[in-house]
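> Now for the letters of each chain:
2 protein chains.
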Amino acid sequence: MEKYKKDLDISYTFGIFPTFELLKHKTKYVQKVLIHEKLNITKDIQELIDFCKQNNILIEYCTKQIEKIVDKESTMVVGVFSKFDSIIEKNQNHIVLVNPSDMGNLGTILRTALGFNISNIAIIKPCVDIFNPKVVRASMGALFSLNIQLFDSFDEYYKENANNNMYPFMLKASKTLQSLQDKKQPFSLIFGNEGSGLDDSFLNIGQSIIIKHSHNIDSLNLAISIALALYEFTKNI
Amino acid sequence: MEKYKKDLDISYTFGIFPTFELLKHKTKYVQKVLIHEKLNITKDIQELIDFCKQNNILIEYCTKQIEKIVDKESTMVVGVFSKFDSIIEKNQNHIVLVNPSDMGNLGTILRTALGFNISNIAIIKPCVDIFNPKVVRASMGALFSLNIQLFDSFDEYYKENANNNMYPFMLKASKTLQSLQDKKQPFSLIFGNEGSGLDDSFLNIGQSIIIKHSHNIDSLNLAISIALALYEFTKNI
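Chains as they are written, first to last, in this note's numbering: chain H, 1 to 237; chain F, 1 to 237.
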């Protein structure tokens, strides 16, 4: 076992909550679960141990191995899993993230998507490493219940999903989210990079939208913008 | 100059953007500005230097001092300021944060509040140190344009602001944000700690509200919840 690196075939969940999400939703990708020798066996932990036994998942009680790979000293439970591919479902509602670069933000976005019943996330490369334990942790394990598919370019995504109603979110748009009446499904809500947003070419795709905000700030945070869009688009579903 | 600690009377802004926000909005609290000797003088930097000169603010060109106090190596501009008190305006719209404990989250909340023209934030102790440079950075300097007042208890806040329409956000509420028709002003949108939320006593205060989300997640992130509430409450203002 070694500290996480992008080129490893495995990654880790740190903490009991994301580890349980991993076990429940991606059982066959779990290699083993590490439990710190000093951990008190509470009801939650016993449930996790029972789940592993029922599903023939190896449990290792260890201390040094855990301390070698975790990013916070207090972590007592680690899930070790093989990275997996997934494919988004066509003709469903999608979130499309163009070049996301912040791991904590991405985790929050995944958790929020799950909170609004959006299961399909397209990510356009280059992008942050979605299996980095920081993303997994910030998503609180939402990563394991979603279909997340990487694309080399937006064109590649668009060719396969041109039937979806495209809504690029950008500061240059003239239509506001607050005034948008007609929200067509299935939708693709498209968001750019945290710093640079979407480039002008997206003004020609579908119905571009701006979330109206005060002039006191340059723009809303990416995860916040996505939450507002999801809230509005799923309000009457 | 030393690394930031809670008991210091001063704090720091790291980076040009929050430093400029500090200079513009809290000019009289600025002690000095540190500029890294290796920094290229771009147009933005020249503007900042000119602003300091016009306002008789000391600029020090240094390297070691900056490296001693910053949290990221790449920081080239630091503002040094005296901590200040501020008081919220009565009979205005407020956000009330009960025991917030995450510095990054608080920063994002402050920036979002400013983005929706909410200028008055009440914070109930115990709470995170609002002047920690991590809060300042995550707020992107929004801290300097807001009135943020600390209270020893919610009762203390309530006594002074009982005229406001109180809306506690909590998972046990029965009214959903999505269905709420009548949003009365001035409002106080009340949110609990990131982990524990508001306790049951808040069910008896004003109109409690839940933001409807899927059963796949326990709760929405605090900053996300506040953004959704602000969006909905300011939509028709």
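To be clear, the hints were calculated from the coordinates, so they are not data collected in a lab. Computed from a prediction, not measured in an experiment: that's the story for all the values here. Treat the hints with caution; some may be incorrect.
Dumping the calculated SDA-like pairs for lysine to any residue here, alpha-carbon to alpha-carbon at most 20 Å [to be verified]: (1) F:K235 - H:Q178; (2) F:K235 - H:T176; (3) F:K134 - H:M103; (4) F:K3 - F:K64; (5) F:K72 - H:Q178; (6) H:K212 - F:K3; (7) F:K72 - F:H25; (8) F:K235 - H:D7; (9) H:K235 - F:K64.
Simulated DEER-style distance windows between Cβ atoms [claimed, not checked]: (10) H:F51 - F:K28: 27 to 35 Å; (11) H:F51 - F:D199: 29 to 37 Å; (12) H:M1 - F:I49: 26 to 34 Å; (13) F:N55 - H:N165: 35 to 43 Å; (14) H:K68 - F:D129: 27 to 35 Å; (15) F:D182 - H:K64: 46 to 54 Å; (16) F:P186 - H:K28: 53 to 61 Å; (17) F:S196 - H:K64: 31 to 39 Å.
Positions of the beta carbon are idealized from the N, C-alpha and C atoms, including for glycine.
> Indicate, hint by hint, whether the structure satisfies it.
Hint check:
Of the supplied pair hints, the one linking K235 (chain F) and Q178 (chain H) holds, its CA atoms being roughly 7 Å apart against a limit of 20 Å. The straight-line distance between the Cα atoms of K235 (chain F) and T176 (chain H) is roughly 11 Å, inside the 20 Å bound, and the hint therefore holds. For the proposed pair K134 (chain F) and M103 (chain H), the alpha carbon gap of about 17 Å is at most 20 Å, so the pair holds. For a cut-off of 20 Å, the pair hint linking K3 (chain F) to K64 (chain F) stands: about 12 Å separates their Cα positions.
Straight-line distance between C-alpha atoms of K72 (chain F) and Q178 (chain H) comes to about 38 Å, which puts the hinted pair past the 20 Å bound. With a CA separation close to 38 Å, the supplied pair K212 (chain H) and K3 (chain F) exceeds the 20 Å bound. Pair hint K72 (chain F) plus H25 (chain F) does not hold up; C-alpha atoms about 24 Å apart against a cutoff of 20 Å. For the hint pairing K235 (chain F) with D7 (chain H), the CA-to-CA distance comes to about 46 Å; that exceeds 20 Å, so the pair is violated.
For the hint pairing K235 (chain H) with K64 (chain F), the CA-to-CA distance comes to about 53 Å; that exceeds 20 Å, so the pair is violated. Hint check: F51 (chain H) to K28 (chain F), Cβ distance near 60 Å, so the stated range 27 to 35 Å is violated. Checking the proposed 29 to 37 Å range against F51 (chain H) and D199 (chain F) shows it holds: the Cβ atoms sit about 32 Å from each other. Remark: the range hint 26 to 34 Å for M1 (chain H) to I49 (chain F) is contradicted by a beta-carbon distance near 51 Å.
As the Cβ distance of N55 (chain F) to N165 (chain H) is approximately 51 Å, the hint placing it in 35 to 43 Å is violated. One distance hint, 27 to 35 Å for the beta-carbon pair K68 (chain H) and D129 (chain F), holds here, with the actual separation near 32 Å. In this structure the hint that D182 (chain F) and K64 (chain H) lie 46 to 54 Å apart at CB is violated, the actual value being about 59 Å. Taking 53 to 61 Å as the suggested C-beta distance range, the pair P186 (chain F) and K28 (chain H) conforms, at roughly 54 Å.
Separation of S196 (chain F) from K64 (chain H) is about 33 Å and conforms to the stated range, judged on CB atoms against 31 to 39 Å.
Hint compliance for this structure: hints 5, 6, 7, 8, 9, 10, 12, 13 and 15 are not met, and every other hint is.
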